[in-house]
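> Listed below, chain by chain, are the residues.
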Amino acid sequence: MTITTSMDDMATRTRRFWLRRDVLHVVGLWALITVAGVLFSIYVPAHLMGPPASGTMREIEATMTAFSIAASPVAAVVWAVALYSLIAWRHRGDGPPETDGPALRTSRPAAAAWILISSFLCVLLLVWGLAAMGSVASAGTTGNPMVVNVTGNQWLWTFAYPQQGGVESDQLYLPVNRPVEFHVTSVDVVHSFWIVQMGIKVDANPGEITRTAVVPDKRGTFDIRCAELCGLLHAQMETSAHVVPMAQFHKWLSANGGHP
Amino acid sequence: MVKLGAATPVADGGGLMRRLNMGTAVAGGVGFGAVGWLVAHHFLQTDVPATSNQVVIVTMICWSIGFMAGIGAFNAPLGWLMGRDLGHEDEMFLAGKDQGVSRYFRFTTDHKVVGIQYVAVTMVLLAVGGTLAMLIRTQLSHPNNGFVSPQTYNAMVGLHGIIMVLATIIAVTGPFGNFILPIMLGARDMAFPRLNALSLWLLVCAVPLLLSAAFLGGIPTGWSAYAPLADQAGPGMNGFLMAIIVFAISSAVAGANITTTVLTMRARGMTWNRTPIFAYGTVASVGLAIPALPLFMSAQILLAVDRALGGQFYVAAGGGSAWLYEHLFWLFGHPEVYVIVLPAVVALMEITPVFARKPLYNFNAAVVGLIGIVGLSLMVWAHHMYISGWAPDLNGPFMLTTELISVPTGILFFVVIGTIWRGKIWVTVPMVAVYAMLWNFIIGGVTGIYLSDVPADVALHGSMFVTAHFHYTLMGAGLTGAIGALYYWFPKMTGRMLNQKLGMVAFLIVQVGFNVVFLGMFAAGLAGQPRRVYTYPPTFATANLISTIGAYSIGIGMLLTLYVVVSGWRHGPLAPANPWGAKTLEWAVPNPIPLANFEVPPVVIADPYGYGEGDPTTRHWAEEPQPARAAPVPAVSGSSADGEGVAP
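In order, the protein sequence lines correspond to chains Y and P. First residue of the first sequence? That's 14 in our numbering, and the numbers climb one at a time after it. First residue of the second sequence? That's 517 in our numbering, and the numbers climb one at a time after it.
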């Protein structure tokens, strides 16, 4: 009996809360900011990251968009309350307010809702992240990948093709749509091997071999940079990755003394 | 010679202790440093890198010992060792009683003096670090700029980074944790007043060590000082590692002191439910620093062994590993961001109820949020090493802990917006700092979620995106909170009001400039610009130009802020005891604050957030500031008041 009454009570109070004028205004503001956030999420981050040159990069850009969309309503709650309070609840005049605000100490439903929703979003992000991580990890390793040995050296990259007769080059040549695995190391300090448009990066550590893999699926010339401060000319430790058709790749190999 | 002189035991009621100050400290440091250099130089050859590092490190150790002896840090312990304890007169002298301005340049134990000294050190560090930031942005204003050489650029990036990290670590805990916190708790001083002075002067001792790097070839490794690049670096690196070692001791001493103060020095009746959230957050911060900083210190000691004694801890060819350094560094490095952010956020949480005229919303949730952050932040360090190749299989678990931390952090946002909800918002600079934090820290937090995601981090790691992200947290929340706290507590600390109108203009210029800089930097990072580069391909030109324009705007705003602070300190209207009508205990003591803070120890019967509750006639009301008198009055509190004695 008492439980029903208190439930009714709470339902009435909740209904009354949502019909308050300031609550409606905040909700409107929240909707506006959320829509703006979602539009921003769809058009801006992926656009700034540029056209992807691999499935991995496509996956990363989708993640950026999805996370931005998921974050929009949360950020909008905070910003809508903040903005509305500055407009509507602001004390005008120079001195301190004459009276205090309402002595609201806590609200169990609000706290519970906040914690539940933020935990749920957190789990969602985690599941998305693990799924994306799995699909990225399997991308380059399937189907007999071609191995390229990458060596970082203050301040240049060297690429060797052990399966193609040990061809060495300071520019990276890759056949399009062929899985490739990079075995990365360094001869001096820590570098980080980064093919920007393919969304792969792994540190080059002295004395260790680290691995990463990718399937380049777009022809063109892409940027390789060093992503770990490695001394004086770190800024200039960059070169190009050329993704070319298989025939052209073979031609390049033979011209450099290798074999397909 | 100097060291031996300084270490002579204290004579009763006077003698050496009374003659020591910052001047004798510098003389002691330079003198003993010179002795160390001469001796080391005589016995070691300087043409080999390892031995030249030995000479530099020996000199720096001698500087530190000489400086600390010269300031009088060893007087009391050595006196005690000789069987002579400090008498009441000596304690009063150490507390700075009746000494006027000179007590700011001594080994003074009064927590209010130490707090002001921390303000000064923080401002010096921010000024140097900020100037370096302006120079860095000038170099990056357009591609292939020849403003500075690559060598100078790298040196500036390293110095800027470490100076700003140290400055933001102390920016709230140092000034306000020392000056305000004990009064807020109803205490007469910190738990260990002499340790308080020790922590401050160790910090002062570390600053020249750090700045000496600028003249010894700089810190070419960035503030993270990854090995083996740090093994390879020139003698400036020794300044870095020695400064970190001394700073870590300072931080440990301060952390033990603050924790003990909060645990044991609270006024009668101040139960945990009535303890201000600022006390919780400060303890959370130093509680993280106590395990974190020693790891950084160990990393630097191993580096010193590598550099000077032929160790191979980080050198793969000798069986060492770069990953070892990375782990030690990030085991410190990730808790460290919360060491910086938590005090700033709780200062703003202390400010919010005052200017919204409402109780702090959901106090218990705020405490749980802080505890959650402290616990989780010790388990997330390897998200800085997703792409290091150290253990790819562990990326998943570290992604889990990292993303979980968004839940307790979200609770802190919930508390702040719940407090603002339907409040009577009194728009002052401290309150605007709360709003700025709500804007900046959301952006810093959301971009942190991208970086916690392994595939996204693979694309963004080491790019300008990361730089922008952590500036949004450390500057957008950390420094913004420190500035808000300064405007809020300045009337209590100096007895004078700051100019709110000009202060507001300065604050907004900084905030707008800040957002311009780092939104531009996000764009550059997403497009693939690595961080810590002295030049970049022309595709990033627009984003970098935008960042540079924003940086100059921060510079102008910061200079204006400095003007507001300095002019307010000298000529501001006299502050009443409680200008904001706040309910925490520090506003209950008069201006200037008596030496022992409270004539009668206060008894606490409620929490300090009871706005809108109880009998309205007993409420604190904000008092009007008094116009400055024509005759100069002591600008700083405490000098004329007659204290009954320092805390036992």
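Watch out, some of these pointers could steer you wrong.
[Claimed, not checked] Quick partial rundown of chain P residues pointing at chain Y, CB under 8 Å, derived from the structure:
id: 1; residue: G738
id: 2; residue: I927
id: 3; residue: Y951
id: 4; residue: L967
id: 5; residue: P971
id: 6; residue: G1073
Calculated directly from the structure, the hints in this document are not laboratory data. Fair warning: this is a prediction, and the values are worked out from it, not measured in the lab. Don't be surprised by glycine CBs; every beta carbon is placed ideally from N, CA and C.
> With a cut-off of 8 Å, does the beta carbon of P/L967 approach a beta carbon of chain Y closely enough for the hint to hold?
This hint is violated: P/L967 lies away from chain Y, its Cβ roughly 10 Å from the closest one there, beyond 8 Å.
> Can we keep the P/P971 interface hint, with Cβ of chain Y closer than 8 Å?
holds (5 Å)
> The hint names P/G738 as touching chain Y; please verify it with the least Cβ-Cβ distance against 8 Å.
holds (5 Å)
> For the hint on P/G1073, just tell me whether its beta-carbon gets within less than 8 Å of chain Y.
Violated - the Cβ of P/G1073 stays beyond 8 Å from chain Y, reaching only about 20 Å at its closest.
> May I ask you to test the interface hint for P/Y951 with respect to chain Y, counting a Cβ-Cβ separation under 8 Å as satisfied?
Since chain Y brings a Cβ to about 6 Å from P/Y951, closer than 8 Å, the hint holds.
> Could you check if P/I927 really has its C-beta closer than 8 Å to a C-beta on chain Y?
Status holds, d = 7 Å.
When the structure is compared with the earlier hints, violations turn up for hints 4, 6 and for no others.
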